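> Chains as they are written, first to last, in numbering that gives the first Met the number 0: chain A, 0 to 624; chain B, 0 to 171.
Accuracy of the hints is not assured; some may be wrong.
[Stated by the list, open to error] Under the rule of at most 30 Å between Cα atoms (straight-line distance), these lysine-lysine pairs were calculated in the DSS-like manner:
#, chain 1, residue 1, chain 2, residue 2
1, A, K439, A, K536
2, B, K50, A, K439
3, B, K126, A, K381
4, B, K64, B, K50
What the hints contain is simulated information worked out from the structure, not anything from laboratory work.
Note that the coordinates shown come from a computational prediction; the quantities given were computed from them, not determined experimentally.
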Amino acid sequence: MASLIGYYSLIFGFCFSFLIIFFSIKNFRDSNFFDSKLISLSFLQFFFVTISFLGLIISFVNSDFSNETVFNHSHTTKPLFYKISGTWGNHEGSLLLWLLVLTLFIFLFLLRSKNQTKQYRILTLLFQQIIIIGFFIFVIKTSSPFNFIFPIPNEGLGLNPILQDPALAIHPPILYLGYVGSSIIFSSTLAATSLNYISREWAHHIKQWVLISWVFLTIGILLGSIWAYYELGWGGFWFWDPVENVSLMPWLALTTLFHCILVLEKRLILTSWVVVLSIATFTLSMCGTFLVRSGILNSVHTFANDPERGLFILIFLFCLIFLSIFIFFFFHKVKTKNINSIFWFSKDASILINNWFMMYFLSVILIGTTYPIFLEVITSQKISVGPPFYNKLIVPFLIPFLLIMTIGPKLKWIKSDLKDKSYLILSLIFSLIFSILIIKNLNTSFLANTILITSAFYLFFSTLREFFKKRLLNLSQNIAHFGFSLLILSILFNNIFSTEIITNMKIGETFENKNFKINFVRVEKKDEQNFKSIIGKFNIENSNGNIEILRPELRIYNQPNIMTSEADIKTNLLNDQFMTMNLVQNQDYFNIRYQIKPFMVWIWLSVLLITFGALITLFRSKYEN
Amino acid sequence: MKIRIPFLFLTIFFLAIFLVFYKGLQNSNIYVPNNNIEKELPNFQAQLFDKDSEILLKDILKKDKFYLINIWASWCVPCREEHSFLIRLSNQKNIEIVGLNYKDNRQNAKNFLKELDNPYQIIISDKDGTNSIELGAYGVPESFLIYNQKIIKKIIGPLNNKLFIEIKKIIK
């Protein structure tokens with residue numbers, strides 16, 4: 000029943016698209032004022048998609064296995080929370096969520112853009128409706144979440160256990176808010192370009208949307224990363240997996256876009272950058288959906304290898320790309336009178352230089368992710384691109400990037416000379432000595448690490464000083480940049496100082512090295528609602544005689560029958576102790592992996608700090624309004 | 000008009016990308032062993048596992064002989080499963096097994112072999128995973144059956160009984 004209502008309200012929502020397009024065009028031609036009917040229509044469209052989404056949730060909660068999606072992805076013994084989150088833990092449901100957010104955002108956009116001109120608002124609505132129609136057809140035609148199956152099965156197939164996790168339950172919706180938020184930027188930029196409407200006021204208005212999408216995208220990526228850290232049991236937080244790359248690419252584009260918008264708001268230059276980046280952000284999000292959903296890449300996120308779906312997104316994606324290229328070339332006019340050449344020593348110039356660096360990072364990731372596909376099609380060779388490729392190409396360029404990030408914010412707009420020269424040099428020397436002291440006693444490559452850490456410390460100290468010097472001026476920027484330096488430092492230290500032990504142990508055995516002693520005390524067995532678990536108990540005694548107890552866990556899920564390994568992680572401010580346990584087949588040995596990962600928690604905290612900086616900007620610009 | 004040339008250029012560029020993706024979609028089944036058959040082996044310098052010296056891959060693999068290059072690591076759970084098959088294979092006369100120790104800690108790897116026995120004639124160690132990338136591997140475990148310095152079969156994932164029998168047939 001709920002499925003039926005869901006299906007029909009989805010069709011209803013689709014019909015509203017045509018009503019909206021019809022009335023928009025009529026309004027665009029005939030009247031001077033914005034027709035408030037359009038807002039109501041957008042609301043109704045959003046309303047029907049919500050009903051449809053709720054219908055799917057109810058089907059999941061009631062375990063209505065006459066619905067194919069529910070049958071494929073749910074099970075009666077699953078806890079309620081995961082029944083609900085299972086709604087978007089699959090291809091069909093997640094697309095319905097996309098659609099929900101698309102319609103929600105255009106409704107909010109119309110509400111919040113009352114000060115803008117009629118033509119601009121209508122055109123944005125029209126472009127957004129093109130995207131919405133594309134997704135409606137995609138959902139209804141190739142991946143309807145409301146297919147019936149008959150005879151009705153008694154039991155579902157269950158949700159993949161590694162997806163049964165609180166962080167992962169909220170990761171997709173938040174990530175989608177970021178992805179889909181970029182659709183609003185896309186539509187409104189196309190509208191503004193066609194109307195030649197790009198101005199400082201427009202920049203101010205669209206900045207909010209950029210920030211909102213940026214915040215959601217960042218938190219979404221963070222949640223995914225945290226999940227991978229404790230659930231996949233590899234002890235890392237970023238694997239350069241195609242799916243991670245696919246979310247990082249729009250993030251880089253969006254971050255660059257935000258900085259360009261700041262320049263545009265101040266000086267009305269870099270308009271082409273803004274237009275191209277707005278287009279790039281959304282098309283990269285779409286491109287990500289394509290790469291992940293079509294099965295063209297193999298990855299944990301590949302939901303289903305259905306070429307028909309892939310083909311549809313591919314055609315749709317390229318239609319959008321060609322539309323944007325067309326609009327960019329035939330409507331975009333650079334306002335020549337406003338072009339003052341950029342002075343090389345100014346804030347604008349440093350933002351521009353770092354934009355190019357960001358574009359470089361973006362292209363490295365883009366090439367690394369898609370090159371295997373190209374190579375395979377053209378020469379039928381298969382290669383895999385792994386972390387060494389990205390590390391080698393990205394890490395060295397972080398050094399100039401960090402240095403410019405340190406100096407740039409101290410410069411003035413348009414033209415400036417450097418004040419505080421002595422301080423800047425002093426803090427550079429200070430960072431250098433500091434890093435040498437840290438690196439000196441380690442057997443890692445001395446020069447490369449010292450330079451990297453120096454540049455990260457340089458940004459760290461100079462932003463730290465700004466907090467005391469300027470107090471509230473540029474607070475948000477300072478917090479974000481401070482967070483970034485902290486992030487780079489934590490990642491570097493995490494890489495350099497990590498230690499790892501992998502060994503096989505029987506119950507009662509003890510492993511010992513000069514830093515710590517691991518004692519395998521016992522295993523306990525437990526029965527939970529949808530899995531059985533084996534919990535190991537380990538005493539870890541470090542050289543000071545402190546004893547920690549770690550309890551890694553093995554879970555054997557009943558539906559589907561999969562074994563997962565849950566790491567036990569003891570977190571404190573200085574380091575994480577990370578332990579996983581695996582069964583060794585047909586033996587009474589367990590394979591134990593024990594890692595000490597310094598500054599792990601600071602990686603998460605610094606990303607939160609950066610997000611916090613963005614939030615301050617967002618609220619401040621709201622307040623100014 | 001001035002804008003025509005970049006516009007045309009970009010359009011053609013994206014059309015080309017579209018075509019590549021379109022083609023890519025059609026052979027989206029990821030594991031196609033056929034294409035790798037008879038492929039020339041890459042030749043690279045590799046670090047020996049138990050000595051501090053390097054050796055060229057082609058110097059290990061003689062002509063007119065079967066080899067199985069097996070990518071393994073002590074931290075890899077499926078590697079344990081396939082190990083018994085490797086041991087059985089190493090007792091066959093006309094094949095030698097070359098181990099490629101992937102991103103591993105040397106001590107852990109040694110313990111692994113001590114515990115489960117060593118089927119490898121020679122082991123090279125691939126600390127940063129670059130040798131495996133050159134071979135075209137996706138991950139661990141993976142095995143390449145080599146004859147005349149050419150890959151004649153590529154096995155992704157652990158060996159099992161079926162594959163074991165298949166290999167035995169090929170080398171006879």
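> Now tell me, hint by hint, if it's right for this structure.
Going through the hints against the structure:
| no. | hint | in the structure |
| --- | --- | --- |
| 1 | A:K439 x A:K536 | 37 Å, violated |
| 2 | B:K50 x A:K439 | 28 Å, holds |
| 3 | B:K126 x A:K381 | 22 Å, holds |
| 4 | B:K64 x B:K50 | 25 Å, holds |
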